[in-house]
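Q: Chains as they are written, first to last, in this note's numbering: chain A, 42 to 358; chain B, 738 to 820.
Be aware that a few hints might be false.
Distance condition first, Cα-Cα at most 25 Å in a straight line; then the derived DSS-like pairs of lysine-lysine [what the hints assert, rightly or not]:
| id | chain 1 | residue 1 | chain 2 | residue 2 |
| --- | --- | --- | --- | --- |
| 1 | B | Lys789 | B | Lys764 |
| 2 | A | Lys338 | B | Lys807 |
| 3 | B | Lys807 | B | Lys759 |
| 4 | A | Lys184 | A | Lys198 |
| 5 | B | Lys789 | A | Lys184 |
| 6 | A | Lys338 | A | Lys184 |
| 7 | A | Lys145 | A | Lys184 |
| 8 | A | Lys341 | A | Lys184 |
| 9 | B | Lys764 | A | Lys341 |
| 10 | A | Lys184 | B | Lys807 |
| 11 | A | Lys341 | B | Lys789 |
| 12 | B | Lys807 | B | Lys764 |
Hints are computed from structural coordinates only; laboratory data are not their basis.
Note that the structure is a prediction, hence the values are computed from the model and not measured.
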Amino acid sequence: MPDPTAITKLDDIAIVLRSPDFRPVDYAARHLSLAAAMGFDATHIVSAINHVPLCLHGDRHAQARKRIARLINEGTENAMAVVETEVPEMIAQLHTPGHHDVMKEFVIPCVDRLISANTGLNITLPSDTLVSRLFSQTLGVAKRRRMNAELLALREKIAAQRPELSHEDISDRIVLFILGVDALRGTIARSMQLIYEGGLQQTSTEIARDYPATAVPYIDREATAACPIGGITYPTGTNFRARLDQFEERENQAHRNRFFGFGAHSCLGRKLALALWRTVVNSMRDHPANITVSDFKLRKDDVFAIPEVFEIEVIHD
Amino acid sequence: MTDFMSLVVSALTDACTEKTPKDILTKLQNREDVLLEDLLLDSLSRFEVMMKIEDTLDIELDEDDLIDQKSVQGLANYLASRT
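Sequences and hints are given; from them, build the entire structure.
A: Set out below in structure tokens:
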């Protein structure tokens, strides 16, 4: 399969992400094709994909997006309570003197708590969970098998905690874990890293206006009709890669909010994510310290920009 | 003790197709250190290689792990470092 055509201009990205003439990559077909060739079960992967709005097109997308939006809204109050009460305490603990593993001590438990609160469930995913990675094209067969098993286990846990939920209701909650885990973990972690390395000299408003970094560097789309992009007409079937990570550049600060996408596929968790970020920034400033990033390494990942290692040294003057 | 070179040669040999040049296949079967790109494996073949290695060593691999290695010996060394 040829590499997707990279789209970097704001106007072109808006067209590719907004227009109904561009559809999401058919992740389910890719998993099914490999599963058939290699002889493994991808049932739960495909079922999950078929409920993720980002993976759907047309009416199916509209219906799924409506269900997920409703679910997020229902849990927003609980999630906001976690943001307001638990996050400041977690940051205070993270900024105590000594060596800290930011992912294990803050990012992973914080995102787990938020998703649990939002879904009304008490579920902790393994730190190396694969449930968010069903968009990856490069995972080997062993990881795909584990992903399928993890998605089944997640379904069983949700069913055990909320036996009244229908199959579809459980699927929608699985979607929140899929969309929340790596995207939110990576975005918070990468943004914190930039702030630790750049200092907290900017005002809270400047820092918190939007995320300094994103865990979702790009979104892929396929043209369902011949389309003019940047003065070139591309044929039906052309794959495009809308580069969102370019908005991390300083000259694109005015467009930072474009991390959250455009139009019908824009991020449904934006409100909660920004509330979380503002609280993280304010809590970091409320607990000042001399902080050095002692180790930072991104995970090998073809979809998300998320740290595998993120450690800091905290010294109090 | 695992013979990583034998495992890699076996997995790669099984995955080679008619696209693989015969002289390169012969060198591979003779355990010579050929470049992986010279085997002309397609994506599906790479997944076959990965699956055989994963199942034998009980590890998890990504396609990048295979792509990042330049040669048969390099892949064997990489696997040895992973186990």
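Q: Now look at each hint and say whether the structure bears it out.
A: Tested hints:
| no. | hint | verdict |
| --- | --- | --- |
| 1 | B:Lys789 to B:Lys764 | holds, 21 Å |
| 2 | A:Lys338 to B:Lys807 | holds, 23 Å |
| 3 | B:Lys807 to B:Lys759 | holds, 19 Å |
| 4 | A:Lys184 to A:Lys198 | holds, 20 Å |
| 5 | B:Lys789 to A:Lys184 | holds, 13 Å |
| 6 | A:Lys338 to A:Lys184 | holds, 21 Å |
| 7 | A:Lys145 to A:Lys184 | holds, 22 Å |
| 8 | A:Lys341 to A:Lys184 | holds, 13 Å |
| 9 | B:Lys764 to A:Lys341 | violated, 32 Å |
| 10 | A:Lys184 to B:Lys807 | holds, 23 Å |
| 11 | A:Lys341 to B:Lys789 | holds, 21 Å |
| 12 | B:Lys807 to B:Lys764 | holds, 16 Å |
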